[in-house]
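Number of protein chains: 2
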Amino acid sequence: MRAAHMDGAGPNDTIVPVILAGGQGTRLWPMSRAARPKQFLSLDGAMSLFQQTLKRVADPARYGAPIVITHHDYRFLVAEQAQEIGINPAAILLEPMARNTAPAITAATLYAQKENPGAVLHILPSDHALATEPGYFAALETARRAAENGALVTFGVTPTAPETGYGYIEIGAERTKGVNDVARFVEKPDSETAQHMLDAGTYVWNSGMFVFEANTFLEEVAALAPEVLAGAKAAIAQGAVDLDFFRLDAKAFEAAPSISVDYAIFEKSSSVAVVPVSFDWSDLGSWDAVWKTGAQDAKGNVGAKNVLFSDSNGSLVLSEKAHVVLDGLDGVVLVASEDAIYAGRLDRAQNVGNIVKQLKSDAKTAPLTQTHTTDYRPWGGYTSVLMGERFQVKRLFVKPGKKLSLQRHHHRSEHWIVVSGTAEVTIDGKMRMVTENESVYLPVGCEHRLGNPGKILLELIEVQTGSYLGEDDIVRIEDAFGRT
Amino acid sequence: MRAAHMDGAGPNDTIVPVILAGGQGTRLWPMSRAARPKQFLSLDGAMSLFQQTLKRVADPARYGAPIVITHHDYRFLVAEQAQEIGINPAAILLEPMARNTAPAITAATLYAQKENPGAVLHILPSDHALATEPGYFAALETARRAAENGALVTFGVTPTAPETGYGYIEIGAERTKGVNDVARFVEKPDSETAQHMLDAGTYVWNSGMFVFEANTFLEEVAALAPEVLAGAKAAIAQGAVDLDFFRLDAKAFEAAPSISVDYAIFEKSSSVAVVPVSFDWSDLGSWDAVWKTGAQDAKGNVGAKNVLFSDSNGSLVLSEKAHVVLDGLDGVVLVASEDAIYAGRLDRAQNVGNIVKQLKSDAKTAPLTQTHTTDYRPWGGYTSVLMGERFQVKRLFVKPGKKLSLQRHHHRSEHWIVVSGTAEVTIDGKMRMVTENESVYLPVGCEHRLGNPGKILLELIEVQTGSYLGEDDIVRIEDAFGRT
Numbered sequence: 001m002r003a004a005h006m007d008g009a010g011p012n013d014t015i016v017p018v019i020l021a022g023g024q025g026t027r028l029w030p031m032s033r034a035a036r037p038k039q040f041l042s043l044d045g046a047m048s049l050f051q052q053t054l055k056r057v058a059d060p061a062r063y064g065a066p067i068v069i070t071h072h073d074y075r076f077l078v079a080e081q082a083q084e085i086g087i088n089p090a091a092i093l094l095e096p097m098a099r100n101t102a103p104a105i106t107a108a109t110l111y112a113q114k115e116n117p118g119a120v121l122h123i124l125p126s127d128h129a130l131a132t133e134p135g136y137f138a139a140l141e142t143a144r145r146a147a148e149n150g151a152l153v154t155f156g157v158t159p160t161a162p163e164t165g166y167g168y169i170e171i172g173a174e175r176t177k178g179v180n181d182v183a184r185f186v187e188k189p190d191s192e193t194a195q196h197m198l199d200a201g202t203y204v205w206n207s208g209m210f211v212f213e214a215n216t217f218l219e220e221v222a223a224l225a226p227e228v229l230a231g232a233k234a235a236i237a238q239g240a241v242d243l244d245f246f247r248l249d250a251k252a253f254e255a256a257p258s259i260s261v262d263y264a265i266f267e268k269s270s271s272v273a274v275v276p277v278s279f280d281w282s283d284l285g286s287w288d289a290v291w292k293t294g295a296q297d298a299k300g301n302v303g304a305k306n307v308l309f310s311d312s313n314g315s316l317v318l319s320e321k322a323h324v325v326l327d328g329l330d331g332v333v334l335v336a337s338e339d340a341i342y343a344g345r346l347d348r349a350q351n352v353g354n355i356v357k358q359l360k361s362d363a364k365t366a367p368l369t370q371t372h373t374t375d376y377r378p379w380g381g382y383t384s385v386l387m388g389e390r391f392q393v394k395r396l397f398v399k400p401g402k403k404l405s406l407q408r409h410h411h412r413s414e415h416w417i418v419v420s421g422t423a424e425v426t427i428d429g430k431m432r433m434v435t436e437n438e439s440v441y442l443p444v445g446c447e448h449r450l451g452n453p454g455k456i457l458l459e460l461i462e463v464q465t466g467s468y469l470g471e472d473d474i475v476r477i478e479d480a481f482g483r484t
Numbered sequence: 001m002r003a004a005h006m007d008g009a010g011p012n013d014t015i016v017p018v019i020l021a022g023g024q025g026t027r028l029w030p031m032s033r034a035a036r037p038k039q040f041l042s043l044d045g046a047m048s049l050f051q052q053t054l055k056r057v058a059d060p061a062r063y064g065a066p067i068v069i070t071h072h073d074y075r076f077l078v079a080e081q082a083q084e085i086g087i088n089p090a091a092i093l094l095e096p097m098a099r100n101t102a103p104a105i106t107a108a109t110l111y112a113q114k115e116n117p118g119a120v121l122h123i124l125p126s127d128h129a130l131a132t133e134p135g136y137f138a139a140l141e142t143a144r145r146a147a148e149n150g151a152l153v154t155f156g157v158t159p160t161a162p163e164t165g166y167g168y169i170e171i172g173a174e175r176t177k178g179v180n181d182v183a184r185f186v187e188k189p190d191s192e193t194a195q196h197m198l199d200a201g202t203y204v205w206n207s208g209m210f211v212f213e214a215n216t217f218l219e220e221v222a223a224l225a226p227e228v229l230a231g232a233k234a235a236i237a238q239g240a241v242d243l244d245f246f247r248l249d250a251k252a253f254e255a256a257p258s259i260s261v262d263y264a265i266f267e268k269s270s271s272v273a274v275v276p277v278s279f280d281w282s283d284l285g286s287w288d289a290v291w292k293t294g295a296q297d298a299k300g301n302v303g304a305k306n307v308l309f310s311d312s313n314g315s316l317v318l319s320e321k322a323h324v325v326l327d328g329l330d331g332v333v334l335v336a337s338e339d340a341i342y343a344g345r346l347d348r349a350q351n352v353g354n355i356v357k358q359l360k361s362d363a364k365t366a367p368l369t370q371t372h373t374t375d376y377r378p379w380g381g382y383t384s385v386l387m388g389e390r391f392q393v394k395r396l397f398v399k400p401g402k403k404l405s406l407q408r409h410h411h412r413s414e415h416w417i418v419v420s421g422t423a424e425v426t427i428d429g430k431m432r433m434v435t436e437n438e439s440v441y442l443p444v445g446c447e448h449r450l451g452n453p454g455k456i457l458l459e460l461i462e463v464q465t466g467s468y469l470g471e472d473d474i475v476r477i478e479d480a481f482g483r484t
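Taken in order, these protein sequences are the chains called A and B. Numbering follows our numbering, with no gaps: position 349 of the first sequence is 349. Numbering follows our numbering, with no gaps: position 352 of the second sequence is 352.
None of these hints come from the bench; they were simulated from the model. Any given hint might turn out to be false.
Said to hold, decoys possible - Computed cross-link-like contacts, BS3-like style, restricted to lysine-lysine with a CA-CA straight-line distance of at most 30 angstroms:
1) A:Lys360 - B:Lys321
2) B:Lys430 - A:Lys321
3) B:Lys357 - A:Lys360
4) A:Lys299 - B:Lys305
5) B:Lys321 - A:Lys357
6) B:Lys364 - A:Lys364
7) B:Lys321 - A:Lys364
8) B:Lys177 - A:Lys321
9) B:Lys188 - B:Lys177
10) B:Lys188 - A:Lys321
11) A:Lys360 - B:Lys177
12) A:Lys305 - B:Lys188
13) B:Lys364 - A:Lys305
14) A:Lys305 - B:Lys321
15) A:Lys357 - B:Lys188
16) B:Lys357 - A:Lys321
17) B:Lys177 - A:Lys305
18) A:Lys292 - B:Lys364
19) A:Lys364 - B:Lys292
20) B:Lys364 - A:Lys299
21) B:Lys188 - A:Lys299
22) B:Lys305 - A:Lys364
23) B:Lys364 - A:Lys321
24) B:Lys305 - A:Lys357
To be verified - What follows is a set of in silico ranges between Cβ atoms, one per label pair, in the way DEER data are often shown:
25) B:Arg390 - A:Ile427: 23 to 31 angstroms
26) B:Thr373 - A:Pro400: 26 to 34 angstroms
27) B:Asp428 - A:Asp472: 54 to 62 angstroms
Keep in mind that this is a model prediction, so the values were computed, not measured. Ideal Cβ positions, reconstructed from N, Cα and C, are used throughout, including at glycine.
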C-alpha cells in the first residue's frame, strides 16, 4: 500500500478506519450506563452503534482493517461485538483512562503510521447514526483526495433544523470541487444564532468525522499540541500487547493533556478543509436526537411493538421488557430498562445528564448509572434475575469454546442447572459434563471452573446462597483473559 | 341478639358487617388486574384495601364477625388476606359469577338473617379509602338507630370538590338529629352540574355504604326487586359449604338480574334515609383519586422512595420494582408493574378502563390485564422470574404448615433449590426433608408433593425445563384445597 501511495495514490488505495469507542456519555440513561455506554447499545434491536460503524468500514475495496481505540473497561465489549458480526480489527488500542479525543486520535495515528507512514486515515466516532446515502462514499473519495494533497479534512453536514446541540462550521471559499476552506468554527449556539446560521446557508454541522494522512496530522500535532504528541508517543512506545489488545502505557498517556481534537488541532490548524455533505446524520446526543432519527409513525411517535400510543403525539418510548401504554401525552420520552425508568419532556432531554449526576451522588441510586442487569464478560455474561436476602438467581450464558476462570468463593455456595447446551464443570480437580436438565452443586470454598465445550451457547441458571453474595467474593486461580 | 333487639336495641348490640369483595375494577391498571383486583392490593405498601376494611370492623364492642361476599376466583385471596391480619370471618360467601351488588347484598343479608333475623347490617365496599376520623363511628351509631327505626340508611359524604366521578344525593328534611330524608339521587354529573351541587351545599356523595335491618331490607327487595330476592334465596337454599366457604348455587344466582343495589332498591324505596358525614373518603375509582388521597409533597407529588421527581408537579408515580425518574412533567401518572407501564395524564385517568379493553382485545397483551407476575395460591404463591424458550424460573413461597397438591406433569421436569426454610418433598411415595441450600430433582411424570412442615416461610427457586411449560400441564391427584 505504501508503494501504491508513493507512485501517486489511486482509487484502489484503501483507507485505514480509526474507530473511537471510548466515550462514556450519560445522556441516554437509563439505557446508556458507565459499564455499557451508548456505542455498545442497540437502540433498534439490531446491531449496536459500534457494530454499525464497523459495518460502514467493512468494504475491503475501500477500507483496510479498522483500528479501534477504546477505554480499558470496554475491551471485551469491543472484541465481542466485533466478533459477533465477523469483523477482525487490525488492532484494539486500550486507553488506561479517558483523556478526550486529541490524545486518543494521536495515539491511534501513531500506531497506524508504524505500519504505513503514508496511510490515509478516516476517524469515526462509534456512537453516531449515519445513512450512507446519499453521497457518503463519494464524499469520502473527495475527502481522501484532499487529504492526499495535505489537508486535514472534516465533514460538515448541511443542517436541516436550528439545532443547538451541535457545533457549526462556517464554510469558506471552494478549494477544489467539493472541498472548501473553513471560515471559522462556531461553538454550540443558542437557538437564535442556530436559526440565523440555518437561514444563512453557509454553515454546516461539525460531524466529528475526519480524514487525513497520518504524517500531515502528526506534523500539526507536533506544532500545535506537542504535549499531546509526547504523551501519545510514549504511551505507544511503552505500551504492551495484552492478549488481543494493545495497552497504552498508563503513566505516559496520563501525561498527555485531556483535550478534544477540535480544540487542540482543527480549530487552530491552517491545513483544515471541510467537505460539505448532506446524508442523514445525528450524534444521538440525547433522547430528542434519538426520537428525530427514529421511524416515526403518522402521529410522530417512535416505539417498538411493545408500546401502545393512545392519543399521544410526537413521543418516544423504548422499553427493554415491560409493555408500555402512553396515554394522552405529547412530546414525551419514556425509556424503561429492567431496573430504571426515565420519563420526561423531549424538549428538555439535555437534562438527563444532570439527572444522572444526581443519581450518582446517592449511594442507593448510583448503581443504576453504572451497570445494567445484564453484564457482558469475555466468556459470555450473566443477567441478575432475582435478589433475595440470602440468595441470588442469575442466568449465565457461556459462548461456545469459552471458559470462566478457575475460581473459589468464601461466602457462597452455588447451584447450577443447565437449561441449554452442555457444560464442562471442574470441581476440586474433578471434571464432568453436565447437560440440559442436569444440575450440579458447588459447596462454599471449592475450586471450580465452568466451560462450554460445545458448538452452541451454554445457558444455565445459577442459584447462589450465602451470607455475602457480592461480585468481589471471587478468588481467581487461573484465567484465560488475564484477570487473575 | 335477637332477644336484645326485641327488648329495644341498646348501644351494646353489635352490628354485622357485610363486606363486598367481588369487584373487578380495571381503572387502576396495571396494578389492578382480573386475577387480583384493587381491593386486594396495597397501594401504600401496608395492608390491602380489603384488609383495611376488615380492620375497620374489627372492634368486637361494635361489630360481630364479618360476612364477606366475593367472587369464586378470589376465595383464596380473601381467606389468606383475612388470616394474615388475624381476622376470622363469620362466613365467606362465593358468587359463582358477577351479578352486580343487588343480588350479592341480598344473598349476604339472607345469610345473616338465618343466624339473626333482626340483625343490623353494615354493608361496606372493600375497595374504598376511608379515614375513621372525624365522626365515623358516631355516624355509624346514628345510622344504626335510624335502621332500628325501619330506615335503609346510606352515608352521604360532604363533597370537597366538584367531582364528576361520583353519584350525588340531594339531602331532604331532617328526620331526627343527623338523619335526613333523601330528596333525590343524582347520577355522575358533568363538571358544571358538579360545581353547582358543591356550591348549593345540599348535596352529598353517595358512598356506597349502607346500614339497615335485615328484615327491613328484604321486605323492600321483595317489593321492588322480587326476581333478585328469588334468585338470592334459591342460591342460598341450594348453596353448599365447601371447605371454609359457602358456595352460592350457580344456576339460581345466575337467574337473579344483574343490577346495582342503588338502582334496584335505594333509588326507589321510600324507607331510605341519608346520614351526612364529613370524614375523608374516596372510592379510589381512578389514578386521579389515588393521587388525591395520597401523601402529597410540597409540589403535590405522590411517590415512594424509589421515585425521583425533577421539576415535576402534581404527579403520581407508583413502581413495584424499577427506580423511576419523572423529569419536567406536571399532572402525570406513571404506574410501573414488573411487566407493564402506564403513563398518562391524571386529568384523563378515567381512560384507563378503555385502555384495558383495548389491551384485552389483543391476544398478545390480554394476559397483562389478567394476571400479575406474582400469583397467590391457597398454599402461598409464586413469582414468574424468568421465561426462556424451553425453561422457566419461578420463586415459590409456601406458608408454614401448608402443602401443595400431589401432582404430576407430562411435559416438564423441575429442579427445586431451597433458599429459605425447610421443604417436605414426596417423590413417587418417598418422602424426604430438603433444607436451605439443598436441591431436589423431579423428573417428568413423577408423582410429587411439596409441603412446608416448619414454622417459617419456605422459599425455593424452581427451574422448569421441557417442551411445554404451561400452568395447565398439571394432574392433581390429591389436594387439601379441593382442586382435584
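Do the hints match the structure? See the list:
1. Proposed proximity of Lys360 (chain A) and Lys321 (chain B) is supported: the alpha carbons are some 19 angstroms apart, at most 30 angstroms.
2. For the suggested pair Lys430 (chain B) and Lys321 (chain A), the alpha carbons sit about 41 angstroms apart, so the restraint of at most 30 angstroms is broken.
3. Under the criterion of a C-alpha separation no larger than 30 angstroms, the hint pairing Lys357 (chain B) with Lys360 (chain A) is inconsistent with the structure, at around 40 angstroms.
4. Of the supplied pair hints, the one linking Lys299 (chain A) and Lys305 (chain B) is violated, its CA atoms being roughly 35 angstroms apart against a limit of 30 angstroms.
5. For the suggested pair Lys321 (chain B) and Lys357 (chain A), the alpha carbons sit about 22 angstroms apart, so the restraint of at most 30 angstroms is met.
6. With a C-alpha separation of about 36 angstroms, the suggested pairing of Lys364 (chain B) with Lys364 (chain A) is violated against the 30 angstroms cut-off.
7. Of the pairs offered as hints, the one joining Lys321 (chain B) and Lys364 (chain A) holds, with about 14 angstroms between alpha carbons and a cut-off of 30 angstroms not exceeded.
8. A distance of roughly 59 angstroms separates the Cα atoms of Lys177 (chain B) and Lys321 (chain A); the hinted pair therefore is violated under the 30 angstroms criterion.
9. Distance check on the hinted pair: Lys188 (chain B) and Lys177 (chain B) sit about 28 angstroms apart at the alpha-carbon level, within 30 angstroms; holds.
10. Annotation: proposed proximity of Lys188 (chain B) to Lys321 (chain A) is violated, straight-line Cα distance about 38 angstroms (limit 30 angstroms).
11. Between Lys360 (chain A) and Lys177 (chain B), the direct Cα distance comes to roughly 61 angstroms. Violation of the 30 angstroms bound is thereby established for this hinted pair.
12. Between Lys305 (chain A) and Lys188 (chain B) the alpha-carbon distance is near 37 angstroms, which puts this suggested pair outside the 30 angstroms criterion.
13. About 10 angstroms separates the Cα atoms of Lys364 (chain B) and Lys305 (chain A), which keeps this hinted pair within 30 angstroms; it holds.
14. For the given pair, Lys305 (chain A) sits about 23 angstroms from Lys321 (chain B) by alpha-carbon distance, which is consistent with the 30 angstroms threshold.
15. For the hint linking Lys357 (chain A) to Lys188 (chain B), the alpha-carbon distance of about 47 angstroms lies beyond 30 angstroms, and the restraint is violated.
16. With a C-alpha separation of about 22 angstroms, the suggested pair Lys357 (chain B) and Lys321 (chain A) falls inside the 30 angstroms cut-off, and the hint holds.
17. For the hint pairing Lys177 (chain B) with Lys305 (chain A), the CA-to-CA distance comes to about 61 angstroms; that exceeds 30 angstroms, so the pair is violated.
18. Between Lys292 (chain A) and Lys364 (chain B), the direct Cα distance comes to roughly 29 angstroms. Compliance with the 30 angstroms bound is thereby established for this hinted pair.
19. Taking the CA atoms of Lys364 (chain A) and Lys292 (chain B), the gap is about 29 angstroms. The hint holds against a cut of 30 angstroms.
20. Of the pairs offered as hints, the one joining Lys364 (chain B) and Lys299 (chain A) holds, with about 23 angstroms between alpha carbons and a cut-off of 30 angstroms not exceeded.
21. Straight-line distance between C-alpha atoms of Lys188 (chain B) and Lys299 (chain A) comes to about 33 angstroms, which puts the hinted pair past the 30 angstroms bound.
22. Taken as a hint, the Lys305 (chain B) and Lys364 (chain A) pair is honoured in the structure, with Cα atoms around 10 angstroms apart against an allowance of 30 angstroms.
23. At roughly 14 angstroms between alpha-carbon atoms, Lys364 (chain B) and Lys321 (chain A) fall within 30 angstroms of each other, so this suggested pair holds.
24. A hinted pair counts as satisfied when its Cα atoms are at most 30 angstroms apart, and Lys305 (chain B) with Lys357 (chain A) qualifies at roughly 18 angstroms.
25. Hint check: Arg390 (chain B) to Ile427 (chain A), Cβ distance near 26 angstroms, so the stated range 23 to 31 angstroms holds.
26. Taking the beta carbon of each, Thr373 (chain B) and Pro400 (chain A) are about 32 angstroms apart, inside 26 to 34 angstroms as hinted.
27. The hint said 54 to 62 angstroms for the Cβ distance between Asp428 (chain B) and Asp472 (chain A), and at roughly 43 angstroms that hint is violated.
Hints 2, 3, 4, 6, 8, 10, 11, 12, 15, 17, 21 and 27 from the list above are not met by this structure, while the remaining hints are.
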